[in-house]
Amino acid sequence: MSGSVAGPAPGGGKHRGGIASKGGSAMGTPIDLDMTPMMNMLIILISFLVTMVVFTQLAVIKFNLPPQSGGGGDQAQAGPDSAQKGPSVDITVLVSENGFQIIGEGRKLDPIPKGTKDYDYPRLGQFMRKLKEEYPTAEDVVLLIDSAIVYQDIITTMDVMRENKFPNILLSGGVYR
Amino acid sequence: MKTGRQRRRAPAESAKPQMTSLVDVLTVLVFFLLKNFSTEGDIITPAKNLELPISSSKIKPENTLNIAISRKHIMAEGTPVALVDEELGRQGNDIPGLARYLEDKRKQTEEIAQYDKNVSFTGKLTIQGDRLIPYFLLQKVLATCGANGYSSFSLAVSKKDVE
Chain C
4 MSGSVAGPAP
14 GGGKHRGGIA
24 SKGGSAMGTP
34 IDLDMTPMMN
44 MLIILISFLV
54 TMVVFTQLAV
64 IKFNLPPQSG
74 GGGDQAQAGP
84 DSAQKGPSVD
94 ITVLVSENGF
104 QIIGEGRKLD
114 PIPKGTKDYD
124 YPRLGQFMRK
134 LKEEYPTAED
144 VVLLIDSAIV
154 YQDIITTMDV
164 MRENKFPNIL
174 LSGGVYR
Chain G
-18 MKTGRQRRRA
-8 PAESAKPQMT
2 SLVDVLTVLV
12 FFLLKNFSTE
22 GDIITPAKNL
32 ELPISSSKIK
42 PENTLNIAIS
52 RKHIMAEGTP
62 VALVDEELGR
72 QGNDIPGLAR
82 YLEDKRKQTE
92 EIAQYDKNVS
102 FTGKLTIQGD
112 RLIPYFLLQK
122 VLATCGANGY
132 SSFSLAVSKK
142 DVE
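These protein sequences, in sequence, are chains C and G. The first sequence begins at 4 in the working numbering and counts up by one. The second sequence begins at -18 in the working numbering and counts up by one.
Please keep in mind that the hints were generated in silico from the structure rather than gathered at the bench. Predicted model, so just to flag it, every value in this text is computed and none were measured. Virtual Cβ for every residue (Gly too), placed ideally from N, Cα, C. A portion of the hints provided could be inaccurate.
As the list claims (entries may be wrong) - Dumping the calculated DMTMM-like pairs for lysine to aspartate or glutamate here, alpha-carbon to alpha-carbon at most 25 Å: (1) G:39 <-> C:121; (2) C:117 <-> G:32; (3) C:65 <-> G:91; (4) G:29 <-> C:136; (5) G:41 <-> C:162; (6) C:65 <-> G:58; (7) G:141 <-> C:156.
As the list claims (entries may be wrong) - From the derived model, a few chain G residues whose C-beta atoms are all more than 10 Å from chain C: (8) 3; (9) 30; (10) 42; (11) 46; (12) 54; (13) 93; (14) 94; (15) 98; (16) 110; (17) 111; (18) 115; (19) 140.
The following block holds chain C by itself, in its conformation from the complex (with noise of 0.2 Å):
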């Protein structure tokens, strides 16, 4: 009894096999897609992106030559500002090899000396942020800059100024070696 039962009984499994498998395959579930060409196509892709991204980030820094050397450009957003907030400050940070020191409004504020390796920036700072409590309005800054003064010395003194709320920089022309 039990073995005629069990006699249909795997025959029946194998037939309800036989007909999953093939519902499966011809489903396309899971056997025989060619990813290939595909992974192919994606490889090539990324590796073709991967050389094209940029890693360095790239950003500017804005200013304008002063009036006298030539107009046009972006002075006449400059003009209007400057002439609404009242008579400018003059500040000048005359940059040179033994450090910074601020002059503005015919006075001298005391020399920053450059430390061992590199200038003395937070000091900078917070003269800067003095000044602009001092004078609130003042947004002008004139760089004097000694002509044997690095690059990046220059942009990281002007990032001080910009961190400081002295956003319209000048460099100061006419130092000749």
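Position chain G relative to chain C; hints supplied.
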């Protein structure tokens, strides 16, 4: 049932890795890189042979005339117009090679501007300088550009990594 088939097949055919997950990973990577790629926008390609200074500025670069100052050459739009050593030895603020180039470029733009109202001479410049060039050289370049009507500068810098 299934395992039985796989076990029977495996030695006969070559091993099959799970392609689906691999493809998933690669597709995600492709999308990630594509996104990076498009937002980056190659407005300015950093010139070869020079290291830009690092700055905290976040202003996006614009597409303008491009002057690069490497340790050896001064280049305008990729073509060398002057040698750095030569210019460092010369007194005064003029760089003849660069001045000639800028003048030509300005005349060209102004001529085009006569016929096309969308074009106008703005005097905008992007300057890429190596982080070790002296101010003397930068000043010469700025003065030369200023003398030729270019007075709105963008100094290209590479962003600080801290976000």
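Structure-based check of all given hints:
Annotation: proposed proximity of residue 39 of chain G to residue 121 of chain C holds, straight-line Cα distance about 24 Å (limit 25 Å). At most 25 Å may separate the alpha-carbon atoms for a hinted pair to count; residue 117 of chain C and residue 32 of chain G meet this at roughly 24 Å. Only pairs whose Cα atoms come within 25 Å are accepted, and residue 65 of chain C paired with residue 91 of chain G is accepted, the gap being roughly 23 Å. At most 25 Å may separate the alpha-carbon atoms for a hinted pair to count; residue 29 of chain G and residue 136 of chain C exceed this at roughly 43 Å.
About 15 Å separates the Cα atoms of residue 41 of chain G and residue 162 of chain C, which keeps this hinted pair within 25 Å; it holds. A hinted pair counts as satisfied when its Cα atoms are at most 25 Å apart, and residue 65 of chain C with residue 58 of chain G qualifies at roughly 19 Å. A hinted pair counts as satisfied when its Cα atoms are at most 25 Å apart, and residue 141 of chain G with residue 156 of chain C qualifies at roughly 15 Å. At the 10 Å boundary, the C-beta of residue 3 of chain G falls inside the reach of chain C, the nearest C-beta of that chain being 7 Å off.
Residue placement check: residue 30 of chain G keeps its beta carbon more than 10 Å from all beta carbons of chain C (closest about 14 Å). With a closest Cβ-Cβ approach of about 5 Å to chain C, residue 42 of chain G is found to fall inside the 10 Å limit, against its non-interface label. With a least CB separation of 12 Å from chain C, residue 46 of chain G remains clear of the 10 Å interface cut-off, as annotated. Distance check on residue 54 of chain G: its Cβ is at least 15 Å (rounded) from any Cβ of chain C, clearing the 10 Å threshold; non-interface status holds.
Every C-beta of chain C lies more than 10 Å from that of residue 93 of chain G, the closest at about 16 Å, which supports listing it as non-interface. Every beta carbon of chain C lies more than 10 Å from that of residue 94 of chain G, the smallest distance being close to 12 Å; the non-interface claim holds. Against the 10 Å criterion, residue 98 of chain G stays outside the reach of chain C, whose nearest CB is about 17 Å from its own CB. Separation of residue 110 of chain G from chain C is inadequate, the least Cβ-Cβ distance of about 5 Å not exceeding the 10 Å criterion.
A beta-carbon of chain C comes within 10 Å of the beta-carbon of residue 111 of chain G; the shortest separation is about 7 Å. The claim that residue 115 of chain G is not at the interface with chain C is violated, since a C-beta of that chain comes within 10 Å of its own (minimum 5 Å). The non-interface label for residue 140 of chain G is inconsistent with chain C: the shortest C-beta to C-beta separation is roughly 4 Å, within 10 Å.
Checked against the numbered hints given earlier, this structure breaks hints 4, 8, 10, 16, 17, 18, 19; the rest are met.
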